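J.: Residues per chain, in single letters:
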Amino acid sequence: MTGPRTIIETVDLTKVYGMDGISVTALDHVSLRINAGEFVAIMGPSGSGKSTLMNILGCLATPTSGKYILDGEDVSGLDKVQLAAIRNRKLGYIFQSYNLLARTTALRNVVLPLLYDRTHKHPPEKWEQLGREMLEAVGLGDRMDHQPQELSGGQQQRVAIARALINDPVVIIADEPTGNLDSRSGEEIMLLLDKLHQQKATIVIVTHDPIVAAHTERTIHLKDGQIDTIVHNGKKPLPAARKEVNYATS
Amino acid sequence: MRKNKIRSLLTMLGIIIGVAAVIIMIAISAGTEATISDQITSLGTNLIFVSSAFTRMGPGASSGTELVYDDATAIADSISGVTGVVVEQDASETVKTGAISLDSISITGASPDFQTVRAITVASGRFFTDEDVSSKKKVVVLGSKLATELFGTTDPVGQTILVSTTRLTVIGVLDAKGTVGEVDYDTRAYIPISVMLDKFARTPFSRIKGDTIRMVFVQVDPKANMDNVILQIQILLAKRHNVTVASNSFTITTQQDIIKTQESTTSAFRSLLAWVAGVSLIVGGIGIMNIMLVSVTERTREIGVRQSIGATPADIRWQFLTEALLMSLVGGLIGAAVGIGGAWVFGLASSMRTVIVPSSILLAFGSAAAVGAFFGFYPANQAAQLDPIDALRHE
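Going down the list, the sequences are from chains W and F. Per the numbering used here, the first sequence starts with residue 1, numbered consecutively. Per the numbering used here, the second sequence starts with residue 251, numbered consecutively.
Bear in mind the hints are in silico, worked out from the structure with no lab data behind them. Given the structure is predicted, the values throughout are model-derived calculations rather than measurements. Please note that the accuracy of each hint is not assured.
[What the hints assert, rightly or not] Straight-line alpha carbon distances no greater than 20 Å define the calculated DMTMM-like cross-link-like pairs of lysine to aspartate or glutamate that follow: (1) W:K80 with W:D117; (2) W:K80 with F:D565; (3) W:K80 with F:D640; (4) W:K80 with F:D477; (5) F:K387 with F:D340; (6) W:K195 with W:D224; (7) W:K121 with F:D565; (8) W:K90 with W:D142; (9) F:K510 with F:D477; (10) F:K386 with F:D340; (11) F:K255 with F:E548; (12) W:K90 with F:D565; (13) W:K195 with W:D117; (14) F:K395 with F:D436; (15) W:K200 with W:E133.
[To be verified] Short, incomplete list of chain W residues facing chain F, as computed with Cβ under 10 Å: (16) N55; (17) L60; (18) A84; (19) A85; (20) Y93; (21) L101; (22) H122.
Note that beta-carbon positions come from the ideal geometry of N, C-alpha and C, so glycine has one too.
Produce the complete structure using the sequences and hints provided.
T.: Here it is as structure tokens:
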């Protein structure tokens, strides 16, 4: 084998929702591949299937048909308990609304995934140290014992990133990570993700914001449950035409 | 749960009441059992109480069916299987000696068999005899506490006391016996029944043998047939008073009957408390279920987050079940404290004796935990079955 390791591979991924006898195809034979160390954005108007794709890639849902191979393991047919274990070991999430536990310190929020790690990769006595390292890595070394309500939005999202990183996931899935933030805090979060990317993290970001997508290497545009276009951003700014289309439809 | 202390406390109220009721209920049962067993050890189960079925006394009372002193003698003399007969009559008088004067002291007039029938032992001196009774000797035996109150450390035997206007010579002091079935044996004075009837009882005549008496205590040989003895007494009394046995002129009660009555009163009370306990525990359980369902709804987002970072349905179920259990156990703890306190206060405030049984606390705790687990399971299961995507999208 040559070239980088494949982290995400989907083959004809299809998701059909049945509602009141009418079936809606949210994802229609989506095949894509994301390699280790890639920074990818998924964009698309509402109803394009990007949320469904994100949920399946994030192992929160299973496809109706097709295959999803995550880090060499076919996860398309796993049950709830097995999926929970995959989420714990291989995935890190960053949500739009941070989703930290209220009345729980930043440190305790960060180490929460370790609580559900059945492989016991880290012994409990190491948790605190590990959590501190993660918080220091996101620049919150002085906010360990603060509760979410005592932190700004940007700081809360940093705690969420530290939480996503603690189990050393193969891919980080970010759902509109800057959606609730002002542009300055949003930019700081994106710079942090850039930094993680430089450190060889694989990141998939779902967004409708072209500025966010511009930070990535590749943008996958979805339309009506299918891949419309894949744009390689490189370090170049986003093509003007694409930008307009996205504004108009999102 | 921390943020809603009042909500949790109100939820736990049912459990608290239920657990307290269980403990109090068992304390009352144990108290009753202790009282009965005390009575059995001090009186024995082979005791028969004979009384006149008519309670009318004094002039104008129907003659012929009143129990008289002679009846007691006749029972003692002519019925086989009877080991002792006691005639008792109580009065309340002022007792004086030297400078000490005590009001409302209970005086028990009894026949000498009183000592054996009631299993009383003499600490110093002697109890009165048949001869004391027949010769109406003005003697008195003191209960241990009364002796101390009247004479302090000096030996009372040989001293005299003034009961109302009658001077009596102390011939003995009893060993401490304590309170048995509401009668405090230690604070009383005991005198021959003849002296009681002669000097204190409110009868217009001083003829001992014909004097009306309220009750006769008959001690039966444990080996004798109780029913047979009762029948013989009925026949004897009917014959002596010229009535038929069927007229039921005399009431004959056994110690067993009295214990049964006592048990039935407390068992009524006990079953009431058992109902209170059961209903409170169920209501408490429903309360816990309700609050847990509210909690699951309020924390749906949190459940989604936990699921997204790897919590399995079992993890979520266990988390909520633990909270329900914790709530019911804290309720159980408070309930146990309330129950112990309640049983103690109840024992002080009512005539019923209460004994706190340690195992009842365990039982109460166990039922609280069972209620928590049972009623916590449904909400916990609801939480466990949430779809992570729906849970994350909640609000």
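J.: Is F:K387 within 20 Å of F:D340, Cα to Cα?
T.: This hinted pair holds, its Cα atoms lying about 18 Å apart.
J.: Take the C-alpha atoms of F:K255 and F:E548, compute the straight-line distance between them, and say whether it is at most 20 Å.
T.: 16 Å, holds
J.: Is the Cα-Cα distance between W:K80 and F:D565 20 Å or less?
T.: 12 Å, holds
J.: Hold the hint about W:L101 up to the distance rule: shortest CB distance to chain F must be less than 10 Å.
T.: 6 Å, holds
J.: Is W:K80 within 20 Å of F:D640, Cα to Cα?
T.: Holds. W:K80 to F:D640 sits at ~14 Å (cutoff 20 Å).
J.: Quick check on W:L60 please, does its C-beta sit within 10 Å of some C-beta on chain F?
T.: 5 Å, holds
J.: Does W:D142 lie within 20 Å of W:K90 when you go C-alpha to C-alpha?
T.: Roughly 28 Å between the alpha carbons, so the hint for W:K90 and W:D142 is violated.
J.: Please work out if W:K195 and W:D224 have their alpha carbons no farther apart than 20 Å.
T.: Cα-Cα ~33 Å, so violated.
J.: Would you settle whether the hint for W:H122 is holds or violated, based on the nearest Cβ-Cβ distance to chain F being less than 10 Å?
T.: At 14 Å from the nearest chain F Cβ, W:H122 fails the 10 Å test, so the hint is violated.
J.: Check the hint pairing F:K510 with F:D477 against an upper bound of 20 Å on the C-alpha distance.
T.: Given pair F:K510, F:D477 holds - Cα atoms ~17 Å apart, limit 20 Å.
J.: Going straight from one Cα to the other, do W:K80 and F:D477 come out at no more than 20 Å?
T.: 75 Å, violated
J.: Hold the hint about W:A84 up to the distance rule: shortest CB distance to chain F must be less than 10 Å.
T.: With a closest approach of 4 Å, the W:A84 hint holds.
Checked against the numbered hints above, the structure breaks hints 4, 6, 8, 13 and 22 and satisfies the rest.
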